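Peer 1: Now for the letters of each chain:
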Amino acid sequence: MPSYSFVLNGKPVTVEAPADMPLLWVLRDLLNVTGPKYGCGVGVCRACTSHLDGGEIQPCVVPVADCAGRRVTTIEGLADGDTLHPVQQAWLDCDVAQCGFCQPGQIMAAVALLKKTPRPTDAAIDRIENVCRCGTYSRIREAIKKASADG
Amino acid sequence: MARQLSRRKFVVYSLAASTLTVAAPLGCDPSTAEGIEPTAADRRRPSDVLVTGTDEEMLVLEVTAANKVVVRLPRVEVGQGVTTAVAMMIAEELDARLVDVDIPLAEARTKGNQYTGGSNSVSSLYGPARQLAATARAKLVTAAARRWHVPARSLRTRDTRVIAPDGRSATFGSLTASAARIHRPSVSSRPKPASRHRVIGRPTTRIDARDIVTGKATYAGDLTVAGAKPTVVARPPTLGGTVVSVDDRAARAMPGVHAVVKVAGGVAVVADSFHHAFKARDALRITWAPGPLASLSDAAIRSRLRAAVPRLGTAPRGSAQTEGEFEFAFVSHAPMEVLTAVADVRPGRAEIWFSSQTPMDARDSIAAAVGLPTSKVRVHVMRGGGSFGRRLNYDAAIEAALISKAARRPVKLMWSRADDIRHGRMRPASHHRIRASHARGRVVAFAHSMASVSEAYPESGATAQGGVTPAVARAANPLPSDSGLYNFGRLSGNSGSVELAIPLGAWRSVDSGTMRTAEEIVVDEVARSLGRDPVAFRRTTLRNKSVKAVLDKVATTGHWGRPLPAGQAQGVAVHEEYGSCVACLVEVNATDPKNPRVTRAVVAADVGTAVNPRGLEAQLMGTVIDGISTVLQAGLHIDRGTVRESSYADFHYARQRHAPLHFEVHLIPSRREPGGAGELGVPAAAGAVANAYARATGTKPRRFPLTF
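Quick mapping for you: the protein sequence lines, in order, are chains P and E.
With this note's numbering as the guide, the letters of the first sequence map in order to residues 1 to 151.
With this note's numbering as the guide, the letters of the second sequence map in order to residues 1 to 708.
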């Protein structure tokens, strides 16, 4: 079985896995990193949203082979120790979560958006595709704007 | 030993333990708690200690030596915020810090009320939880008074501590052992009057929010218990299809595959990872027999439903009629967390982990399915990634238990998203015929007949299907609304059903989500035919002052009647249920009628005491999105016995771009006991969206979802 090395949340890891194994299952089933959630397996619901070299990806449709030698960041890698990332803090301040299942993905999508667009318009926020079945969209919008304003 | 401490409605018992442990019975109805006979637990002697694992029908509060207040909750947290609301009730009466209160979910019990549904959690827990904590507080204060030899009445409680006038203080944890021996507290055990509430009624962030935003919150699929192996099931293309033959040689030969077993729903694969399991599932060569609905599609279902609607009676003589027929498609619950269950079934015992609204029923059914006595089956209730009624049923848990038994190993079963959408459950499709009869400017009779699909069980029976709860049975055979929301003269109605072997389930707000929605559309059409404004007409015909008040609130704060450009309009609707009422006003931009957007939503609700206004607002926010989704865009098609949709790519539950840009909630201040709120908003939001769409487009919405 081939082995792949990458940097996961700041630490180097090596896994033995089939080349086509989606990163999501490498994270969840091999590395026990369970923040990224399975919601569809086809890149649609985006509950697994994480970052590859700082850019947004859906690990359920990214083969582990594509991650070799790169930096993978999941929700677990966002905070700096006990200090939450400003987007996580905004999520807390706005009490965004309900069931919480999609929120790691929502937060990672928001972080990626703010990185590219520090002052996103409503139209830019509307382009976030992540599904929240509890319907927390208004608070997500509010939290993104708050994180943006707080810099 | 134990005795009734309160002369009021809620009884609290002391349980013998080395730490302060008190318990309040939770009947199916809070009022039945009165006069309950002491149970075995009450007769224990102090040396028997500990109540862990024997909570039974009690709500049990324990103050640990580590200064934590632990209440094992016989309810499930699926996002509705019940753990936060209960923690607030406890913190209020104990004067504990919210962070010191832990609300783990109780595992399945054999007695009592462990049902999460019908929007009744807060209303059923409000009395017992506060009484429980008030009793514990009285004992802690008494223990401190004895320790310090001061009058108990001179002591205060704050921040999980007892504080003396001279400034001395002791944590509850340091007092718990001596408080456990207090039988007659020297201060009142009565809950505070509402006027002294400092926690209840204060907008509060969820107690699990930090775990959620850091990815630490644990759902069934995140467990690594018992060495359970990832498991998926190959399911038939049609609903209820069956395996004729399976060639599993290729699948079994694949790396990482541990077992392939046939189950009622298809063929299960147990593997090292979900990747290996999905790959092996796809390598199975299965010949399927079509399910019982293989010749049936939407058009035929709709015409059978239409034919099953009972006739409306004769309209009053001399009246004019406003009539409408309404059709609602099937709707998936589609919680973000797909059905997942970890099962470890051994020859003499079984242990299951999953998120369940009905863990007691689930335990019975799982025990029967695997052939064990109920006492040998443990069900651990996990937090759920959404439910909306889906976790009333426990199909996946039974299936996981049977796979574990057959494969002789612990399994972590996960339904794929396609499994979840294509094999149910779903809100039943329904057809409604409504007629309002009016004369001399007033409605003199209102008739509503409807028919919905009800679930037929061809061979396997209800249990193997995952159980039918009362709520689901009700959903399968709803009765027309008879709440008398309006002064509409003579009310009448009837219901019929079409039995089909389709897996159904109660969907948030159950029958009201279709029935009230349809009725509120007719109310708008009646107003129009009488030349009245929809808000003014409702205001003069609503029976209940509280409903008028929430309607007035949205009309004022939502600027009802403000001018909008062509293609945009406001819509309004109201609903009353669970001892609560709600009004919703929305603005829709339907400039492109095929791509409408709700741009603004204003909700007003009167739910009695709002324990956590912030959580209540969140529930109302979610129900507005449910209303938008079910009325405008999200439903399921049946094509020749197959559900056409298979993910959120084609089941169009609302995304950010469909959510209102502006959303606001107004809560009517109240000191009434709390009513229900989790499902309340769905019919009002759905009705308001439909009415706004009608006014924006000049159409009469009849078939939902509208852009399907």
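Since the hints were made in silico from the structure, they are not lab data.
Bear in mind the structure is a predicted one, so any value in this text is a computation, not a measurement.
Positions of the beta carbon are idealized from the N, C-alpha and C atoms, including for glycine.
Check each hint, because a few of them may be wrong.
[As the list claims (entries may be wrong)] To give a feel for the contact side, a few chain P residues facing chain E, derived at Cβ under 10 angstroms:
1) S3
2) S5
3) V7
4) D29
5) V61
6) V62
7) A65
8) Q88
Peer 1: Take the hints in turn and mark each one as holding or not.
Peer 2: A quick look at each hint next to the structure:
For S3 (chain P), the shortest C-beta to C-beta distance to chain E is roughly 15 angstroms, which exceeds 10 angstroms, and the interface hint is violated. Interface hint at S5 (chain P): violated, since its Cβ lies 19 angstroms from the closest Cβ of chain E, which is beyond the 10 angstroms cut-off. A hinted interface residue such as V7 (chain P) counts as satisfied when its beta carbon comes closer than 10 angstroms to some beta carbon of chain E; here the least separation is about 18 angstroms, so the hint is violated. At its closest, the beta carbon of D29 (chain P) sits 4 angstroms from a beta carbon of chain E; the interface hint therefore holds under the 10 angstroms criterion.
Hint status for V61 (chain P) relative to chain E: violated, with the closest Cβ pair at about 12 angstroms, above 10 angstroms. Hint on V62 (chain P) is violated. Least Cβ distance to chain E is approximately 12 angstroms, over the 10 angstroms limit. The criterion of a C-beta within 10 angstroms of any C-beta in chain E is not met by A65 (chain P), whose closest approach is roughly 13 angstroms, and the hint is violated. The beta carbon of Q88 (chain P) comes within 4 angstroms of a beta carbon in chain E, closer than 10 angstroms, and the hint placing it at the interface holds.
Comparing the model with each numbered hint stated earlier shows that hints 1, 2, 3, 5, 6, 7 do not hold.
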